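Given chain A's structure and the hints, the job is docking chain B onto it.
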Amino acid sequence: MEKQTVQITITANLDYSSMIRHVAGEVFESAKFSKAWCGRLKLVVDELFMNAVKYGSTKDKSLVYITFEFDKDAVQFTIEDDGTGPKAKSAEELRAVIQKNESNNDLTRTSGRGLALIAKMWTDGMQVAQSTYGGIGIGFTKKLENAEKPPENAPMELPILSPEQAPANLPTTAVTPTLRPQTPMGAPTGSPIGSQIGKGPVYTVKLSGEIDQSNMAQKIAPVTEQVNAMPNGAVLELDLSELVYINSTFIGNLAGWYRTIQQKQGSLRLLHATEPVKEILTLVGLINVIEMVD
Amino acid sequence: MPTTANITINSVEGNNAIKVIHVAGELDESNLPQFESAITPIMEDKSVKVLIFNFMELKFMNSKVIGFFAYLYTTLSKDKRRIIFASYNQTIHDILALVGLDKLVDSAPTLDVAIQDAYKLINPE
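Read top to bottom, the protein sequences are chains A and B.
Sequence positions in the first sequence follow this note's numbering and run 1 to 294.
Sequence positions in the second sequence follow this note's numbering and run 1001 to 1125.
For the record, the hints were derived by calculation from the structure and aren't laboratory data.
Since we're looking at a predicted model, the values are computed, not measured.
Label pairs and their in silico Cβ distance ranges:
id: 1; chain 1: A; residue 1: Lys-59; chain 2: B; residue 2: Ile-1009; range: 30 to 38 angstroms
id: 2; chain 1: A; residue 1: Lys-3; chain 2: B; residue 2: Lys-1078; range: 48 to 56 angstroms
id: 3; chain 1: A; residue 1: Lys-72; chain 2: B; residue 2: Asn-1016; range: 50 to 58 angstroms
id: 4; chain 1: A; residue 1: Ser-30; chain 2: B; residue 2: Asn-1016; range: 45 to 53 angstroms
id: 5; chain 1: B; residue 1: Thr-1008; chain 2: A; residue 2: Gln-263; range: 27 to 35 angstroms
id: 6; chain 1: B; residue 1: Met-1043; chain 2: A; residue 2: Lys-61; range: 29 to 37 angstroms
id: 7; chain 1: B; residue 1: Val-1113; chain 2: A; residue 2: Gln-130; range: 49 to 57 angstroms
Idealized CB from N, CA, C, for every residue including glycine.
In isolation and in its complexed conformation, chain B is listed as follows:
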């Protein structure tokens, strides 16, 4: 009964600069390699400026996964690219807060707000 996570990746209204990654289920060390494989192409595509992770249906992630997000954040930051975490629950918030990632990475209460924030990031006034 391996840990399962369903990952779907969309662009926002045909705007390739913003990608939404919907993560449902649980993430831990057993399925982290598959998660990394799914995210790495987006990370390497420099035309993608903002990655929104929709955690509305994510029930669990552990410290190994946090380590990957920290790596993702620092890698993208070098090119002034951003991550937004959207709609995470208390459990996810607790582990993000434990390592201070909640202060480092932008977050949004809903996916719609995250998308609005992403547009502001790529089109600053």
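Extracted from the complex, chain A is given alone in its bound form:
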């Protein structure tokens, strides 16, 4: 297949988002991406279009320039703005923001800067450059050969180690079953939903250091093991006093533990979370959901 090019020049207005996504879907389908991947890449296009309109352009006055190029191997997408928007950045500034959020895996901000992680997971690379139209040109490449299976490092694909698989050296975690007098966990009386929960034994797991993709499986194995093993009505306390960094995949696991424990009529408490961890929990709203103890 010879390289095909589709170019769109359109007024900066989010009302055109649907049309841009539709064209993107047609392009990715023509390039032979699976339906699942067409959906993922459409989202990336949508995020880039939204950013170009909101931050890089003057609504209804600026033009946005979109280019799709594809052949039998890959697709390349680029969008350029005129840089007249309220929060326009230079290419260098935007590169720095993306790089900062890439390395932090900061999924808590899922638009704009969170685009960094979406792009990292779902594309083969992003490019940022100064545009001849005055603003920024930003784009991505995706090869067909890299789109033949679900993306790597997606939170739902994280391997959960069984007790037999857990590595022997777990220097920063400890599981301490602690029996305490049964105490109702504050469930409202007379409420049609829920019942008295968390009246059983209390288990404590300490997490410390930094948790990211490089050590996720090792760090969380004791917690997952404890969540699976604890009886109905039990309490799991996570001691976070020495935990200084968590990434979005950990957040996904935390949400999963919370839900499993709820289903067991138990309770999850987070003890002594450090400020950086509290900040992330606040951003995703989990601080309002999971009991925090200072």
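Just chain B now, with coordinates in the frame of chain A:
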């Protein structure tokens, strides 16, 4: 050609504690304010204990919409009220999974299962 979404809200068999919100079309930042306007009254009505979002005909939502659902989840959770996502497709699942919302919010493969789950939530044995 603004993004369009059709939103219909029903109670389940006259049971006001469970609301089903059928969302068809696409949701993004351009029509999110209208979506929020439709959902906010239900969110503020504390007699509604379970909100079921039927996504069978929802083709797309972006990160801004996810942010609203995350806010909705945390707001309702304070009063022990719940959300169930029903019948979402791969695209919707991917973005929910990206931020971990699929692990936080209950989901059901079909609307019927979601309604059964909702009854169990408001009438625990």
